[in-house]
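Enquirer: Sequence:
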Amino acid sequence: MAKVIRRWYAPLDTLDTLVGVSLPFRSRVEHAAYPVLDRLERLPRVIPFLAVIALIVVGIVVPRWGFLASALVALGVAFLVYYTWPRLTLPERMLRLAVLALIVAITVVQAVPHG
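Each residue of the sequence shown is one higher than the last, beginning at 26 in the working numbering.
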């Protein structure tokens, strides 16, 4: 019996039926992100979590260039917020924006010299 996998993003093969049609920006982003999200979905869930934690720790511990690791995490969170925005409820949106604001604040504090 075949296993049915439900994805919360559109499969890439839907682009084949849209040849010659100008897609909105969000649709182009969703279709372009599909291969990366598909690979992430195949990983054990603990791997991306540990990667984000490692980047945050590097961002906090490394004195001069650590903010680049935090900025990378902020960009990833910002992309996920943008990507999932239409599917989120208001409390979920506010929580994700709060996490993004926290990561951006950490990045800015690390990037700006302390005088």
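Rather than coming from a laboratory, the hints here were simulated on the basis of the structure. Note that the structure is a prediction, hence the values are computed from the model and not measured. Treat the hints with caution; some may be incorrect.
[Said to hold, decoys possible] Using C-beta positions, here's what the derived DEER-type ranges look like: (1) L127 to A76: 17 to 25 Å; (2) S47 to P116: 30 to 38 Å; (3) P138 to P69: 20 to 28 Å; (4) M119 to V61: 22 to 30 Å.
Ideal placement from N, C-alpha and C gives every residue a C-beta, glycine not left out.
Enquirer: Does each hint hold? Answer for all of them.
Expert: Hint check:
Look at L127 against A76: about 18 Å separates their beta carbons, and that is inside 17 to 25 Å. With their beta carbons about 35 Å apart, S47 and P116 fall inside the hinted range of 30 to 38 Å. Restraint check, P138 to P69: a C-beta distance of roughly 39 Å breaks the suggested window 20 to 28 Å. A hinted range of 22 to 30 Å holds for the C-beta pair M119 and V61, which are about 26 Å apart.
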